[in-house]
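Colleague: Residues per chain, in single letters:
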Amino acid sequence: MTFDRRSFIKLVGSASGLALAGCATTTGSGDAPAVGKTAELMPKGSARRVVVVGGGYGGTIAAKYIRMLDKSIEVVLVEKSKQFVSCPFSNFYIAGMTNDMNAITIGYDKLAANHGIKMVYAEVTQIDAAAKKVVTTEGTLAYDRCIVSPGIDFRTEEIEGYNAKTAEAFPHAWKAGAQSTLLRNQLQAMPDGGTVVMSMPLTPYRCPPGPYERSCLIAHYLKKHKPKSKLILLDANPDVVSKKPLFTKAWSTYYKDNFQYIGGKKVTQVNVAGKSVSIEGIEDFKGDVINLIPPQRAADIMVKSGLVGDDKRWCPVDAISFESPKAKGVHIIGDATALPSDGPPMPKSGYSANSQAKFCAQNVLNLMNGKPTVEFSGINVCYSAISDHESVSIAQVFNLQNGKIKSPATAISPADFSLTKAEHAYGESWLKNILTEMST
Amino acid sequence: MKMKKSLVSWALVAGCTFSGAVMAAPPTPEMLSYACAGCHGTNGGSAGMTMPSLASQSKASIVDAMKKFKSGDRPSTVMGRLAKGYSDAEFAAMGEFFSKQKFHPTTQMVDAAKAKRGEEIEDANCSRCHIDQGKDGKDDTPVMASQWLEYLKMQAALYDSGARKMPKDMADKWNKLSKEDREALLHFYASVK
Ligand SMILES: Cc1cc2nc3c(=O)[nH]c(=O)nc-3n(C[C@H](O)[C@H](O)[C@H](O)COP(=O)(O)OP(=O)(O)OC[C@H]3O[C@@H](n4cnc5c(N)ncnc54)[C@H](O)[C@@H]3O)c2cc1C
Chain A
1 MTFDRRSFIK LVGSASGLAL AGCATTTGSG DAPAVGKTAE LMPKGSARRV VVVGGGYGGT
61 IAAKYIRMLD KSIEVVLVEK SKQFVSCPFS NFYIAGMTND MNAITIGYDK LAANHGIKMV
121 YAEVTQIDAA AKKVVTTEGT LAYDRCIVSP GIDFRTEEIE GYNAKTAEAF PHAWKAGAQS
181 TLLRNQLQAM PDGGTVVMSM PLTPYRCPPG PYERSCLIAH YLKKHKPKSK LILLDANPDV
241 VSKKPLFTKA WSTYYKDNFQ YIGGKKVTQV NVAGKSVSIE GIEDFKGDVI NLIPPQRAAD
301 IMVKSGLVGD DKRWCPVDAI SFESPKAKGV HIIGDATALP SDGPPMPKSG YSANSQAKFC
361 AQNVLNLMNG KPTVEFSGIN VCYSAISDHE SVSIAQVFNL QNGKIKSPAT AISPADFSLT
421 KAEHAYGESW LKNILTEMST
Chain B
1 MKMKKSLVSW ALVAGCTFSG AVMAAPPTPE MLSYACAGCH GTNGGSAGMT MPSLASQSKA
61 SIVDAMKKFK SGDRPSTVMG RLAKGYSDAE FAAMGEFFSK QKFHPTTQMV DAAKAKRGEE
121 IEDANCSRCH IDQGKDGKDD TPVMASQWLE YLKMQAALYD SGARKMPKDM ADKWNKLSKE
181 DREALLHFYA SVK
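Those protein sequences? They're chains A and B, same order as listed. Numbering-wise (the numbering used here), the first sequence opens with residue 1 and increments by one. Numbering-wise (the numbering used here), the second sequence opens with residue 1 and increments by one.
The shape of chain A in the complex, shown without the other chains (with noise of 0.2 Å):
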């Protein structure tokens, strides 16, 4: 579904009034588009408004902290879903670790009412920024500022034989929820002896250690549960880019029988009906479960508003402010950002969407009220288990040099796996703050 600007605003423009359907579950490029009402949802009173778009781990928190240092300011948060599942952790669900995906899952109810935040469950079709205004599928909303967090969609487009039903066959699990429960199942039918085949994009995409941790968990499952099976990651990387040492230690300590890795294979193909998915057309790999990841850009949303960069993925912005070069007065925070960077980027986490998120409200409210703006200080955390009992994980600090984002420190867990056992003790409470903090 590629949709030019113009055609969209012709089509946003006649189809006012249509009823709806199927924008709740988006599982990667392939729907039918959202159409737009042009009525006004909620005409706008004297309070100056904030419009958030997004209910993530960007955009919960931008919302939260808007109203938390100014109680003056109206705050529209705008989310297509009734309820956020969260991706950190979410391997744990595929993998078997757990069966309660409510452990991983929020409302918004609590965070609207301790905070005064009005929801609004739609699917923007349109930012606006010339008029000030987010086009939904429930109708229009002007804003002073808009917020905008709206996560990744995929580039399907330059995987061949890819279309709307390959979701379905070869699961990406990379917004997690339905995605998630279909891989997690196909697991489990999965008979013993089988092959799983996971394939991973280049960079950047979304959580760097991510597909690795995934890798671990899986592994571990098949380990445990099918241990005549084996499985294969396919890295479109030349190498392991996150937490090497760490990965590369546990794959051979743990996982030595059943796990290979292999770096440079960027999937080019799919045959669903084959089951295989093909590097290039000359090396096809054949699985029983092939756990596809896309790679991947800002939201379709971003394209549609134009707030992608030359690369046409991801949204350039201030490094201070978050403000869009191309939209006055939209600030983009999360995975759909490419922001100014001295040294390796603040990786799409969210962690670095939480911190992105405080530092945007603060200086939207800032740029608002006529005072200066603040310099990021940021923090990136990313625990990531490689077994049932253990966790490792990067720390970063971030902020502003020189107009740039730029990391004074950077350090992973240390490679004896000493810390290990405590680190998977952290890394839960970190998962339970972290969702506390975006829907309390």
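Mixed in with the good hints there might be a few duds.
[Unchecked claim] Computed cross-link-like contacts, BS3-like style, restricted to lysine-lysine with a CA-CA straight-line distance of at most 25 Å: (1) Lys406(A) with Lys165(B); (2) Lys371(A) with Lys326(A); (3) Lys165(B) with Lys421(A); (4) Lys68(B) with Lys421(A); (5) Lys102(B) with Lys432(A); (6) Lys59(B) with Lys176(B); (7) Lys404(A) with Lys84(B); (8) Lys193(B) with Lys432(A); (9) Lys432(A) with Lys153(B).
[What the hints assert, rightly or not] A partial selection of chain B residues facing chain A, derived with a Cβ cut-off under 7 Å: (10) Met23; (11) Cys39; (12) Ser46; (13) Pro75; (14) Thr77; (15) Arg81; (16) Leu82; (17) Lys84; (18) Ser87; (19) Pro105.
[Stated by the list, open to error] Take a look, some chain A residues computed to stay more than 12 Å from chain B by CB distance: (20) Gln83; (21) Lys358; (22) Ser393.
These aren't lab readings, by the way, just hints derived from the structure by calculation. In this text, a Cβ means the ideal position worked out from N, Cα and C, and glycines have one as well.
With chain A's structure known, arrange chain B with the ligand on it following the hints.
Modeller: For chain B with the ligand alone, coordinates are given in the frame of chain A:
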């Protein structure tokens, strides 16, 4: 120094700015501290059973902990790596912020008999420093009341193994107590609201 850095970054940003942003100031104490909340909870009130709350800890205790994490004097999983990204002035700013946050009471499962035993012996052994049943963090003494039991147990294990050094006067008391009594004290402190 800080001024010069801000000016340079402003000049660079101004070249491509479109928001009409005025000069950016260094991050405020709140903004520095908000970054810690992803792990320690909003305003330092932890909901995770192994992660310590920072809310209402004394400034000196936070600064002291951060300096020890940074130098490696105090063992850690992640704090040593994070502390390396901050200056002493930033430690002080964050310590000040967390010391001003409301005490964070928790409701946790503790063993009632152990908590009772702990209550009986805390006054004679620990209250000189962990005052008001651990609610008040004096000087460099951390707040113990309502701290998560799992966290306290992990730290006690580090004290017992010698990996984390304790103040001499605390060691005098701690080392004389049985393993059971040490644990009882932790159950007691975790139960104080
Ligand atoms: C398997 C896996 C494991 C991971 N593990 C970790 C981890 O351990 N630690 C970590 O820090 N990060 C982890 N991540 C990364 C983390 O999930 C993302 O970086 C984070 O979710 C990014 O936040 P965001 O706000 O940019 O997007 P999201 O959290 O995805 O939020 C986007 C929200 O916007 C909504 N939305 C999108 N478009 C529209 C629209 N048009 N209208 C209305 N609503 C819309 C979506 O429904 C969604 O709720 C992991 C990711 C994966 C896939």
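Colleague: Evaluate each hint against the coordinates.
Modeller: We went through each hint and held it up to the structure:
1. With a C-alpha separation of about 34 Å, the suggested pair Lys406(A) and Lys165(B) falls outside the 25 Å cut-off, and the hint is violated.
2. As the CA atoms of Lys371(A) and Lys326(A) are separated by approximately 23 Å, the hinted pair is consistent with the 25 Å bound.
3. A C-alpha spacing of about 21 Å is found between Lys165(B) and Lys421(A), which places the hinted pair at or below 25 Å, so the restraint holds.
4. The hinted pair formed by Lys68(B) and Lys421(A) meets the criterion: a straight-line CA distance of about 22 Å does not exceed 25 Å.
5. Annotation: proposed proximity of Lys102(B) to Lys432(A) holds, straight-line Cα distance about 20 Å (limit 25 Å).
6. For the proposed pair Lys59(B) and Lys176(B), the alpha carbon gap of about 30 Å is over 25 Å, so the pair is violated.
7. With a CA separation close to 20 Å, the supplied pair Lys404(A) and Lys84(B) stays within the 25 Å bound.
8. Proximity of Lys193(B) to Lys432(A) is assessed by CA-CA distance (about 21 Å); at most 25 Å being required, the pair is judged to hold.
9. A hinted pair counts as satisfied when its Cα atoms are at most 25 Å apart, and Lys432(A) with Lys153(B) qualifies at roughly 19 Å.
10. For the restraint placing Met23(B) at the interface with chain A, the shortest Cβ-Cβ distance is roughly 6 Å, inside the 7 Å limit, so the hint holds.
11. Contact between Cys39(B) and chain A, as hinted, is supported at the beta carbon level, the nearest pair being about 5 Å apart and thus within 7 Å.
12. Hint status for Ser46(B) relative to chain A: holds, with the closest Cβ pair at about 6 Å, below 7 Å.
13. About 9 Å separates the beta-carbon of Pro75(B) from the nearest beta-carbon of chain A, more than 7 Å, and the hint is not met.
14. Checking Thr77(B) against chain A: minimum C-beta separation of about 5 Å stays under 7 Å; hint holds.
15. Below 7 Å, beta-carbon pairs count as interface contacts, and Arg81(B) has one with chain A at about 4 Å; its hint therefore holds.
16. A distance limit of 7 Å between C-beta atoms decides the matter here; for Leu82(B) the minimum to chain A is near 5 Å, and the interface restraint holds.
17. Given hint, Lys84(B) at the interface with chain A, holds; its Cβ is 4 Å from that chain's nearest Cβ, closer than 7 Å.
18. Taking 7 Å as the C-beta contact cut-off toward chain A, the hint placing Ser87(B) at the interface is violated, the least distance being around 9 Å.
19. Proximity of Pro105(B) to chain A is violated relative to the hint, the smallest CB-CB distance being about 15 Å (cut-off 7 Å).
20. The Cβ of Gln83(A) lies farther than 12 Å from every Cβ of chain B, with a closest approach of about 19 Å, so its non-interface assignment holds.
21. The non-interface label for Lys358(A) is inconsistent with chain B: the shortest C-beta to C-beta separation is roughly 4 Å, within 12 Å.
22. Here Ser393(A) does not stay apart from chain B, with its beta-carbon only about 6 Å from theirs, under the 12 Å limit.
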